[in-house]
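J.: Combine both chains into one complex, guided by the hints.
One-letter residues, chain by chain:
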Amino acid sequence: MKQITEQQKRKDDTSNQLIRKQDIILIGAVLFLGLIVFIVMQITKTEGSKVKIFIDNVEYKTLDLNIDMTEKVELDNGEWNLFEIKDGKVDMLDASCPDKICVNHKDIHYNTEDITCLPNKVVLKITGGEENEVDAVAN
Amino acid sequence: MKSKKVATYGLLVALAFILSYIESLIQIPFAVPGIKLGLANLVVITALYSMGAKEAFVLSLIRILLVGFTFGNPSTMMFSLGGGLLSWALMSIFKWSKLFSIVGVSIIGGVSHNIGQILVAIFVVDNINLFYYLPFLLVSGVVTGTLIGILGAMIVKRIRNILR
Chain A
3 MKQITEQQKR KDDTSNQLIR KQDIILIGAV LFLGLIVFIV MQITKTEGSK
53 VKIFIDNVEY KTLDLNIDMT EKVELDNGEW NLFEIKDGKV DMLDASCPDK
103 ICVNHKDIHY NTEDITCLPN KVVLKITGGE ENEVDAVAN
Chain B
996 MKSKKVATYG LLVALAFILS YIESLIQIPF AVPGIKLGLA NLVVITALYS
1046 MGAKEAFVLS LIRILLVGFT FGNPSTMMFS LGGGLLSWAL MSIFKWSKLF
1096 SIVGVSIIGG VSHNIGQILV AIFVVDNINL FYYLPFLLVS GVVTGTLIGI
1146 LGAMIVKRIR NILR
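First to last, the sequence lines map onto chains A and B.
So for the first sequence, this note's numbering puts the first residue at 3; every next one is plus one.
So for the second sequence, this note's numbering puts the first residue at 996; every next one is plus one.
The shape of chain B in the complex, shown without the other chains (with noise of 0.2 Å):
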């Protein structure tokens, strides 16, 4: 059962890299801080459905870092960081109150994770005319959001018996 967990984690963290990795490939044409398709998203929110919260939050923490000393720089990876863990705890919080479905729970998921960057862009540059940027954050999340979660409940019906 351990080894299966550790298969699971190995598997997991790799797609999130490598998803990761495809979205920093993705020029997104209207360019602004903090929107992201939140590919990887798809991962933490299937880690959360199929294995639970804590371990939606290893992978989550484990990704950011791989990520961030591969590709990016420390601020890049401090952005993350807020983002991700903002992300993961209304997911984690919003999926707890079973009142929303996978959807749902992504959208929150994508709506905080620009969010999350943002802040932590706010205090990193001390401007607060980032906060500008709010609008856009919040319809791009809800887009992608809403995308993922549908893509998530489709990898979630298909792989939640095999990794229980």
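Here chain A stands alone, though its shape is the one from the complex (with noise of 0.2 Å):
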């Protein structure tokens, strides 16, 4: 009987082995999509005109990346997020949130490219400028 699970412990073992062939084949495979998703992103980018500034899913406003400009959002709860329009960039300065995620975000200027500060629900996003205009009519 104890023989049966020893036996029955080794074969387990043998079966447990580190990495196996399946385990290298599902690596290459996630970085193989990775790859796809991110050939995909850099062959659809263009240069974005403007800058809109969304807190908590409301449009808040939306601002012209060729003037060069720093702000504050103030929000209700005391939270601030500081960012600066600069040679046609955008690039979150400070923020009160814990994490710093997007302080530490590089400047963005693509379209649809965005800052997201999830902690206040501050998100900058940049957008085309006909895109705008027609929204600025609809509305």
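No lab work stands behind these hints, which were simulated from the structure alone.
Watch out, some of these pointers could steer you wrong.
[To be verified] Label-pair ranges, simulated between beta-carbon atoms:
id, chain 1, residue 1, chain 2, residue 2, range
1, B, Lys1093, A, Lys63, 53 to 59 Å
2, A, Thr48, B, Arg1155, 53 to 59 Å
3, B, Ile1021, A, Asn59, 28 to 34 Å
4, B, Ala1048, A, Val42, 32 to 38 Å
[Said to hold, decoys possible] Below are the BS3-like pairs computed for lysine-lysine, each with C-alpha atoms no more than 27 Å apart in a straight line:
id, chain 1, residue 1, chain 2, residue 2
5, A, Lys88, A, Lys102
6, B, Lys1152, A, Lys23
7, B, Lys1152, B, Lys997
8, B, Lys997, A, Lys23
9, A, Lys63, A, Lys108
10, A, Lys47, A, Lys91
[Claimed, not checked] To be clear about the criterion: a stretch of chain B counts as covered by chain A if any three or more of its residues have a C-beta under 8 Å from a C-beta of chain A, and this derived list gives those stretches:
id, stretch
11, 1069-1075
12, 1141-1149
Ideal placement from N, C-alpha and C gives every residue a C-beta, glycine not left out.
T.: Next comes the structure, spelled out in structure tokens:
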């Protein structure tokens, strides 16, 4: 009886070999998928002309990327985000959020690129010019 | 037997809690929302292999609620829930399929944890562009998943007999 469990254990150990062929295939498949998505993103990106600011999913305002400026968005709950428009690019300078992911994010200028501050629910999003004017007329 | 299980749960919850805290102290240089080391996943995967899928689920849920109430806020807790549940579900399925080793299971756990968080974020912030982080999340999930998987294999090998 003891011998059987011993054998069983040994069998378990070999079938639990640290990295199997399937694992390598899995790694390859995930990395390949990442590469494909990345390439598609690179091909489809275009330069934007405006930045839209959303607070808690509601559009707050739209700013022109050609006008350099610095603005602080202050939320009702005391949280804030400070961002800058310079040389046609938008960058988050500082924020009250705990993780500072939005602050560490690189500056953005391509269409549909965005900086999202999840804790504060503040989103800076690049858009194209024409689309905005249509929106403005519709509003 | 039952008290042993209670003690094991307590031990693993405490460990997951501490690992989550340590993780919150580590700043990752290339910051992309959703990227995490997934240290706490080490405990979930240990539970998955040494106790079972149900136990891993309970542990994962308790950890997320505890950490969410202690260090986070309702929105970060929702992201963690999305990541944690998707990651637990896929890891359980991958383990059950018996095709992959603990490293493969950990990789799918890491990747799906990142994807789950971004899915909740897309829903909460209503910003489909978060999808653009996907390539980074996939790659980071593979890297951290592999490391956590190798560590997990070492731990499981040593404590499996104690926990059962």
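J.: Are the hints correct? Go through all of them and say.
T.: Now the hints, each set against the structure:
1. One distance hint, 53 to 59 Å for the beta-carbon pair lysine 1093 of chain B and lysine 63 of chain A, holds here, with the actual separation near 55 Å.
2. Evaluation of the 53 to 59 Å hint for threonine 48 of chain A and arginine 1155 of chain B yields a pass: the beta carbon distance comes to about 54 Å.
3. Range check, isoleucine 1021 of chain B to asparagine 59 of chain A: Cβ separation about 30 Å, and the 28 to 34 Å hint holds.
4. The given range of 32 to 38 Å is respected by alanine 1048 of chain B and valine 42 of chain A, whose C-beta atoms sit roughly 35 Å from each other.
5. Restraint check for lysine 88 of chain A and lysine 102 of chain A: satisfied, since their Cα atoms lie roughly 20 Å apart, inside the 27 Å limit.
6. Between lysine 1152 of chain B and lysine 23 of chain A the alpha-carbon distance is near 21 Å, which keeps this suggested pair within the 27 Å criterion.
7. The suggested pairing of lysine 1152 of chain B with lysine 997 of chain B holds, with an alpha-carbon distance near 23 Å, which does not exceed 27 Å.
8. For a cut-off of 27 Å, the pair hint linking lysine 997 of chain B to lysine 23 of chain A is broken: about 39 Å separates their Cα positions.
9. Under the criterion of a C-alpha separation no larger than 27 Å, the hint pairing lysine 63 of chain A with lysine 108 of chain A is consistent with the structure, at around 21 Å.
10. Note on lysine 47 of chain A and lysine 91 of chain A: the hinted pairing holds, with a Cα-Cα distance of about 15 Å set against a maximum of 27 Å.
11. Judged by the Cβ-Cβ criterion of 8 Å, the stretch 1069-1075 of chain B is covered by chain A as claimed, because 3 of its residues qualify and three suffice.
12. Proximity of the stretch 1141-1149 of chain B to chain A, defined as three or more residues with a beta carbon under 8 Å from a beta carbon of that chain, is established by the 3 residues found.
Checked against the numbered hints given earlier, this structure breaks only hint 8.
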